[in-house]
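As they're listed, the protein sequences go chains A and B.
So that you can map any letter, position 22 of the first sequence is 22 in my numbering, and since no number is skipped, the others follow by simple counting.
So that you can map any letter, position 181 of the second sequence is 181 in my numbering, and since no number is skipped, the others follow by simple counting.
Among the hints, a few may not be true.
As the list claims (entries may be wrong) - Example chain A residues on the side facing chain B (calculated, C-beta under 10 Å, incomplete): (1) Ile14; (2) Gly15; (3) Leu18; (4) Tyr24; (5) Gln45; (6) Ser81.
Stated by the list, open to error - Pulled a few chain B residues facing chain A out of the computed Cβ check, cut under 10 Å: (7) Phe35; (8) Trp68; (9) Leu69; (10) Arg73; (11) Pro76; (12) Leu79; (13) Leu155; (14) His159; (15) Leu189.
Stated by the list, open to error - Some residues of chain A that are not near chain B, with every Cβ distance over 12 Å (derived): (16) Ala16; (17) Gly69; (18) Val70; (19) Leu74.
For the record, the hints were derived by calculation from the structure and aren't laboratory data.
Here a beta-carbon is modelled for each residue, glycine too, at the ideal position from N, C-alpha and C.
Okay, here's what each chain looks like letter by letter:
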Amino acid sequence: MTVDDEQDDRNDHIGASLASLRTYDVSQRHAHQLRRRCHTLLQTQPSRTRSIESAITTSFERVLGPALGVAWCLFYLVEISRRAAAAYGLLP
Amino acid sequence: MTLSRLTAWRVMTPMDLEDERVLVARLRAGDTGAFDDVYDAYRPRVFAFLLRMTRSRTLAEDLLNETWLRLVRHAPRLLPDTRIGPWLFTVARNLYWTFRRDSLAREASVPELLTLWPSLTQWPSPFDLAAAGELERRVERALSTLSPQYREAILLVRHEGMSASDAAAVCGITAEAMRQRLSRARADLAEKLRETPAVAALKKGYAT
Numbered sequence: 001m002t003v004d005d006e007q008d009d010r011n012d013h014i015g016a017s018l019a020s021l022r023t024y025d026v027s028q029r030h031a032h033q034l035r036r037r038c039h040t041l042l043q044t045q046p047s048r049t050r051s052i053e054s055a056i057t058t059s060f061e062r063v064l065g066p067a068l069g070v071a072w073c074l075f076y077l078v079e080i081s082r083r084a085a086a087a088y089g090l091l092p
Numbered sequence: 001m002t003l004s005r006l007t008a009w010r011v012m013t014p015m016d017l018e019d020e021r022v023l024v025a026r027l028r029a030g031d032t033g034a035f036d037d038v039y040d041a042y043r044p045r046v047f048a049f050l051l052r053m054t055r056s057r058t059l060a061e062d063l064l065n066e067t068w069l070r071l072v073r074h075a076p077r078l079l080p081d082t083r084i085g086p087w088l089f090t091v092a093r094n095l096y097w098t099f100r101r102d103s104l105a106r107e108a109s110v111p112e113l114l115t116l117w118p119s120l121t122q123w124p125s126p127f128d129l130a131a132a133g134e135l136e137r138r139v140e141r142a143l144s145t146l147s148p149q150y151r152e153a154i155l156l157v158r159h160e161g162m163s164a165s166d167a168a169a170v171c172g173i174t175a176e177a178m179r180q181r182l183s184r185a186r187a188d189l190a191e192k193l194r195e196t197p198a199v200a201a202l203k204k205g206y207a208t
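Based on the provided sequences and hints, a complete structural model is requested.
As structure tokens, this is what we get:
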């Protein structure tokens, strides 16, 4: 399906009726209670701990994790090539 | 019954990317104002999605609670470029499937969906209700008989206005697989919409 097809689909009547389906919501009381619960939870965590934890997690997910993965793969490849070469007597 | 009806296609995120980055940064810092902005923008949409997936108001409310609590618990660890909308729909969708897999999801009847608690935006006129009621009922009924995989694809892309690749990320499949799923779902939905209640009843009779 191309982008044009997608656009065509969106213009059809089924798409239009789907887009205009009503949006439901929880009762005001329920929404208020949930909001209050979430506020309490948000405020109970000290922000300093939160930012340190966040920085560590972010740097691990973004940099350290992939770097360790790549380093391990490289080491594995080099080591397996070296051993194979040694097994076939290609190394001096 | 109150409705929040949209005349044009919705865009997935009600805010631009830069605003969203700022919002995520504020959420990570524990700003309750930022939470309120996200909560007000997405609560009805996530709830409507869960409601149409579960077809049970009670279950949808429980899963909605858990979705928001997860956002709050996870807020400090959000990546700076997290897109809140897809993130929330991913969590909601995963909660639904976990629940379903555990055989705890109960499929409620379609009439329940039609008598749900309304959102608090504005009251439609009796004329609006009469004109839209029949078509909407048919679409809701047809949607509710789709398989959950097709239903979520249709709801995310056609109703929520997500791109196929965003919806694919939410569902954990490739964009191409999502396009195929959408195409089949759309054909299935069109078929169900063409069916009159009598034909559907006949088919059901033959199947049993």
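Please write out, lowest number first, the hints stated earlier that are contradicted by the structure.
-> 6, 16
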